[in-house]
Amino acid sequence: MSTTPDVLAGPAIQARPTTLSGRILQSLNKTPIHIMLGIVAVIWLAPTIGLLVTSFRPQADIQATGWWQTLGTLRFTADNYASVLNSQGMLRSFVNNLIISIPSTLLPVTIASLAAFAFSWIRFPLRDTMFLVIVGLMMVPAQVAFIPVLQLFQAVAPITGNLLTGFVPIWLAHTAFALPFGIFLLRNFFITLPKDLIEAARIDGASTIGIFRTIVVPLSVPAIAAYGIFQFLWVWNDLLMALVFVQNASNNPMTRQISSLLGQYGSEWHLLAASAFLLMVVPLIVFFSLQRFFVQGLLAGSVK
Amino acid sequence: MAKFPRLITLPIAAMLILSACGSSATPSPSSGASAPAGSTGTESTAPSGSAVTGGSITVTSLWGGSEQASFQKVLDAFQAKTGITAKYESVRDNYATALQTRISGGNPPDVAIMPGIGFLRHFAKDGSIVKIADLGIDPASLQANYAPGILDVGTVGGDLYGIMVKFNSKSTVWYRPDKLTAAGVQIPKDWDAFTAAINTLKAKGDKPLGLGAGDSWTLTDWFESIYVRQAGPDAYSKLFSADGDWTDPTVATAVKTMTDVLTDANVDGGIKAALGRKFLDGMAQVFSTNPTADMYYEGGFVGGLAIGANKALKPVDSINWFDFPSINGGNAVTIGGDVIAPLTKNPGVKEFIQYMTTADAGGVWAGTGAIISPVKGVPDSVYPNDLAKREAAQVANATAVRYDGSDLLPAGAPDLGAELQKAIQGQTVDWASFQTQVKTAWGNE
Amino acid sequence: MGFTPAAPAAEPAETGRKARKPKANENEGSNLKAAFFFLLPTAFLLLVFVVYPTIYTIALSFDRGRRGQFTQFVGFDNYVNLFTKDPNFIDFSHFPPSGALFNNVLWLVFYTSIVIFLGLIIAVLASRVRYESIIKAIVFLPMAIAATALAVIWRFVYDPSPQTGLLNAILGVAHVGPISWLGDPGFVNASLIAAGIWGSVGFATVILSAAIKSISTEVIEAARCDGANEIQIFRRIIVPMVSLPISVLAVTLIVNVIKLFDLIFVMTSGGPGTSSRVIAFTMYQESFPSGQFGKGAAVAVVMLVILIPVMVFNIRRFRTESVT
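Protein chains in written order, with my numbering: chain D, 216 to 519; chain R, 260 to 704; chain W, 2 to 325.
Derived by calculation from the structure, the hints in this document are not laboratory data.
Treat each hint with caution, since some may be false.
To be verified - In silico DSSO-like pairs for lysine-lysine, Cα to Cα no more than 30 Å straight-line: (1) R:K635 to R:K332; (2) R:K515 to W:K86; (3) R:K384 to W:K86; (4) R:K604 to R:K332; (5) W:K86 to R:K698; (6) W:K86 to R:K497; (7) R:K448 to R:K573; (8) R:K698 to R:K681; (9) D:K410 to W:K34; (10) W:K214 to D:K410.
What the hints assert, rightly or not - Short derived list, chain D residues pointing at chain W, Cβ under 10 Å: (11) I258; (12) G281; (13) I337; (14) I349; (15) M353; (16) P363; (17) T390; (18) S422; (19) L448; (20) W484; (21) L494; (22) M495.
Glycine residues also receive a C-beta, built at the ideal position from the N, C-alpha and C atoms.
Hey, can you work out the whole structure from these sequences and the hints?
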C-alpha cells in the first residue's frame with residue numbers, strides 16, 4: 216500500500232485478530248487514522264489560529280465577541296500590529312533579543328559539548344560521580360540564584376565595573392542553567408559514537424582536542440543542533456531571567472518591551488495577541504529551517 | 260552546518276562580552292556631568308549640590324501602555340523646566356521582584372513609584388528608601404500642598420518616605436444610563452435603594468452586575484467600600500493596621516452584605532464565571548459593544564479604560580457613575596493611589612520629587628485624564644471630562660477619605676482577595692487563621 | 002520477551018572508577034590535564050550560578066531572610082510553618098488533602114502519564130501516513146510560543162462567557178451550560194493540566210517518533226511471521242523498546258512538573274483563591290512579593306528534596322543503560 220517501507224504498516228501476512236480492538240487496529244483502511252490525526256491537528260491548531268485571528272481584530276470586537284464570529288463580519292485591522300511595531304523601542308528590543316539569545320545559545324552549546332566529551336571519552340577519577348552531580352543540578356530552579364548571584368555581581372563590581380548594566384550577567388546565567396541538561400543530553404549521545412574510530416585516532420597520535428574537533432563534533436551535529444534549538448527557543452521566550460539580570464532598560468528584550476505595552480490593570484488582548492505573533496516569528500523560522508537536524512537529534516541520547 | 264566552527268564561537272563570544280562591557284558605560288543618551296544611574300553603589304559621586312542642569316535619573320513604576328504615555332507628559336514637562344531628563348522604565352510584571360533584584364544588584368532606580376503602602380513600608384524598613392527629609396526636602400513644607408491626611412499615607416514610623424502622586428476614587432459605581440432609565444431606575448443613594456434597583460433590573464430581565472472576580476482585588480474593593488460605610492472610617496483604619504482584628508463580627512457582617520449582593524442571580528454569568536473573568540473583561544460585560552450587564556463597580560479608572568476600548572461610548576450619555584451607596588448614613592470614600600519614593604540621592608532626584616509635589620506637575624498629569632491629582636492647587640478645570648471632574652470633587656468633598664485597605668496590609672500578609680474569592684462561592688472563611696497570619700505579617704515587618 | 006534490543010555500538014570506558022588500572026599509563030597525566038580544561042568553564046559556571054546559590058538557599062531556609070540576606074536565625078520554624086500553619090501549601094485537615102503540594106501531585110500523575118500516552122499514540126499514528134512531518138510540526142508548534150502568549154491563547158478558549166470563549170461556545174451549541182474553566186475551583190486544575198499537556202505533547206511525540214523509527218523492521222516482520230497481531234506487537238515489542246526514551250521523557254517531565262511556574266503564574270496566579278497554586282509558585286510568592294525569603298527558601302529546599310528520588314532513579318537508569 217505505501218511506497219516506502221513503513222515500519223508499522225499492515226503486514227503481508229495477516230494474522231487472525233482475536234479481539235475487536237485488534238480487528239480495528241489491523242484495518243487496512245486508514246480512514247480512522249486520518250480522522251484521529253485530523254482531530255489532533257484541529258486541537259493543536261485551533262487555539263493558535265484563534266490568537267492569530269484575534270490579532271487582526273479591533274479591540275472593541277475582541278471584547279465583545281469570539282474570534283470565530285469574525286468570519287461572519289470580516290472586520291479586520293492591522294492596527295494592533297502597527298501599535299506594537301511602532302511603539303517606542305520595539306526595534307531595539309528585537310535586536311536586544313538577538314543579542315541575548317545568540318550568545319546564550321552558542322555558549323552553552325560549546326561549553327556543554329566540551330564537558331560532555333570529557334565525561335564520555337576522557338578517563339579521569341571521579342568522573343561518574345561528577346557527572347551524576349551535574350545531572351542532579353538539573354533540578355535546581357533558577358529562582359534560587361537570583362539574590363545570591365546578584366549580590367555576587369555587586370560584590371565584584373569594584374573590580375569588574377558594574378556588569379549588570381550590560382549583557383554579561385544574562386548570558387552567564389542562561390548558560391549556567393542550561394548546562395546540566397545539555398551535558399546530560401550530549402554525553403548520552405557521545406557515548407554511542409563508534410569506539411573504533413576514536414581509538415584509531417588516538418593511536419594515530421591525535422590530541423584530545425583534535426579528536427573532539429575532527430571526529431566527535433562532526434558526527435554529533437544532529438544532537439548538538441537539537442540542543443541548540445531547544446536552548447534558543449527557551450531563551451528567546453524568556454521573561455523572568457531577563458527581568459532579573461538585565462538591569463539596564465535599553466537592553467531590555469522584546470518580552471519585557473511587550474509587557475510594558477500593557478496598562479496596569481491587565482491585559483489588552485489586542486496588543487498581546489499581535490505581539491505574541493511578532494515574538495513567535497523568529498522561533499518559528501529557526502524551528503522550521505533546522506527541523507531535520509532536530510528530529511535526528513532527539514533520537515540521540517535516548518535510543519541506542 | 261556540517262562542521263560547526265566551534266572554536267570560532269569562543270572568540271566571538273569574547274568579542275561580544277567586551278563590547279557589552281564597553282556599552283554599559285553609557286546607558287542613557289544624555290549622560291551629562293552627573294553620574295548616570297548605572298554607576299557603582301547608590302551614592303552619587305558628585306556633590307549633592309543645589310542647581311543641577313542636565314543629567315538624568317531613572318523612574319520606574321508598573322504603568323505601561325496609555326498610562327505610561329500620560330506620565331511621559333509629566334516627565335517631559337519636568338525636563339522642559341529643569342533640564343534634567345527623567346527616564347521612565349516600565350516594569351509591568353513582577354514589580355516586587357524587579358525592585359528587589361535591582362536593589363540587591365546595587366542598581367536601584369533613582370525613583371520608584373509604588374502601588375501600595377504595604378509595599379512602601381516593606382522597602383522602607385529594609386532601608387532601601389531614602390527618607391524625604393534626607394534628600395533635603397522639609398516634609399513640613401509640603402503640608403500646604405495637600406489635604407490633611409494625604410501625607411500621612413506615605414509616612415512610616417514617623418518619617419516621610421513616600422508622597423502620593425496620583426489616585427483614583429474607589430467609590431464609583433459605573434453604569435449604563437440608558438439601561439437604568441429604560442428600567443425606570445433612579446440613581447440609588449443608599450444600600451436599600453441599591454438592592455431595590457438591582458431587583459428592578461432583574462425583573463426587567465436584565466443582568467444587573469458585571470464582575471471580574473478573577474482579579475481578586477476587585478473583591479477587596481467591594482469589601483472595603485462596604486466595610487468603611489457599615490463599620491465606619493475609624494473601624495476601617497483600625498482593621499487595616501497592626502491592631503486590626505479580623506475575627507471581629509463587623510468583618511463577617513460586611514462579607515455577608517457583599518455575598519448577599521454578589522449572587523448568581525445578580526451577577527451576569529454567575530459567580531463561577533465571574534471567578535474566571537479578569538477585571539477588564541468584567542468591565543466589558545457592561546461597556547463593550549455587545550454588553551450583557553448594566554452596572555460595574557470599580558474605581559474611577561474604569562471610565563478611561565472603557566472608552567479607550569469602545570470608542571462609541573460617550574461620557575455621561577452612555578457611560579456614567581454614581582457614588583457607592585451609603586450604608587446607614589456612612590459614605591466615606593476610599594481611594595487607591597500610588598506613592599513616589601526616592602531610592603537614591605543622585606542629583607536630580609530631589610528636584611524631581613519636589614516637582615512632583617507641585618500643582619504644575621499635577622495639572623499636566625490630570626489634564627491627560629488618566630489620574631486625579633492629590634495636589635491641592637490643581638484646578639477642576641484641567642480635567643478633560645465631566646466624569647473626572649466629578650471624581651475629583653467627590654474626593655475633595657468627602658466626609659472622610661480612606662486609602663485602599665488591601666494596599667495597606669503588609670507585604671507578607673495572607674491574600675485577602677483569595678479569601679473573598681472563597682467567600683463568594685459560599686465557602687466559609689477561616690478568619691481566625693487569617694488573623695493569625697496577618698498578625699504575624701505585621702510583626703515581621 | 003525473546004527479543005534483545007541491540008547493544009549500543011560503542012563501549013566507551015564506562016567503568017569509570019574501576020578503570021584506574023594503569024591501562025595507558027602515559028595518558029593518565031595528560032588525561033587529567035585534558036579533562037581539566039574541558040571541564041573548566043562548566044565547573045566555573047555551575048559552581049557560581051548553581052551550586053553556590055543552592056547552598057545559600059539551603060542556609061537561608063533557616064533564617065528569616067529579609068531582603069534575601071541573612072538577618073535572623075530561626076531554625077526549623079520556616080519548615081514547621083510550611084507544613085502545619087500554611088493551608089495553602091498543604092492542608093491535611095481533610096481528605097483528599099489540598100494545597101500547592103497536592104496540586105503538584107495531581108500534575109505529576111496526570112500530566113506526565115497523559116503526555117507520554119498521547120505522544121506515543123500520535124507518534125504511532127503519524128508514522129502510518131505520508132503527512133507525518135506536518136503532523137509532528139503542528140503538534141510541536143506550541144513549544145515555540147512564550148508562556149505569556151500561551152496564557153492569552155488559552156484565555157480565548159477558556160473564557161467563561163459563551164460569547165467569547167471557544168469551549169463554552171461549543172458547549173453552548175450543545176445546550177450545555179457555560180463552565181468557568183479557570184474560575185471554578187473544581188475545574189481549574191484540570192484546565193491548567195490540559196493546557197500544560199497541550200504544550201508538551203509535541204516534545205514527547207517527536208522523541209517517541211524517532212525512537213519508534215529506530216526499531217528495526219526485521220524484528221517486527223519476524224514477529225508477524227510468528228503470528229503476532231498488532232496489539233501484541235505494540236505491547237511486546239514497541240513499548241519495551243521505547244521504554245528507555247520513555248523513561249528519559251518521564252524524568253524530564255517530572256522535573257518540569259516540580260519546577261512548574263510560568264503557566265500558573267500567567268494564567269491564574271494560583272487562583273481562584275489558592276486552588277491552583279503549585280509549590281514553585283509558592284516559593285516565588287513567598288520570596289519576592291511577600292519578602293519572606295526564608296520561607297521561600299524552605300519551599301525551594303522541599304522542591305529539591307522531592308526531586309532526590311527522581312535523581313536516584315535517573316542514576317540507576319544510567320548504570321543499566323551504560324552496562325547494556
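Taking the hints in turn, this is what the structure says about them:
no. : hint             : in the structure
1   : R:K635 to R:K332 : holds (20 Å)
2   : R:K515 to W:K86  : holds (26 Å)
3   : R:K384 to W:K86  : holds (26 Å)
4   : R:K604 to R:K332 : holds (24 Å)
5   : W:K86 to R:K698  : holds (13 Å)
6   : W:K86 to R:K497  : holds (25 Å)
7   : R:K448 to R:K573 : holds (24 Å)
8   : R:K698 to R:K681 : holds (21 Å)
9   : D:K410 to W:K34  : holds (22 Å)
10  : W:K214 to D:K410 : holds (24 Å)
11  : I258             : holds (8 Å)
12  : G281             : holds (5 Å)
13  : I337             : holds (5 Å)
14  : I349             : holds (7 Å)
15  : M353             : holds (6 Å)
16  : P363             : holds (4 Å)
17  : T390             : holds (6 Å)
18  : S422             : holds (8 Å)
19  : L448             : holds (6 Å)
20  : W484             : holds (6 Å)
21  : L494             : holds (6 Å)
22  : M495             : holds (6 Å)
Comparing the model with each numbered hint stated earlier shows that all of them hold.
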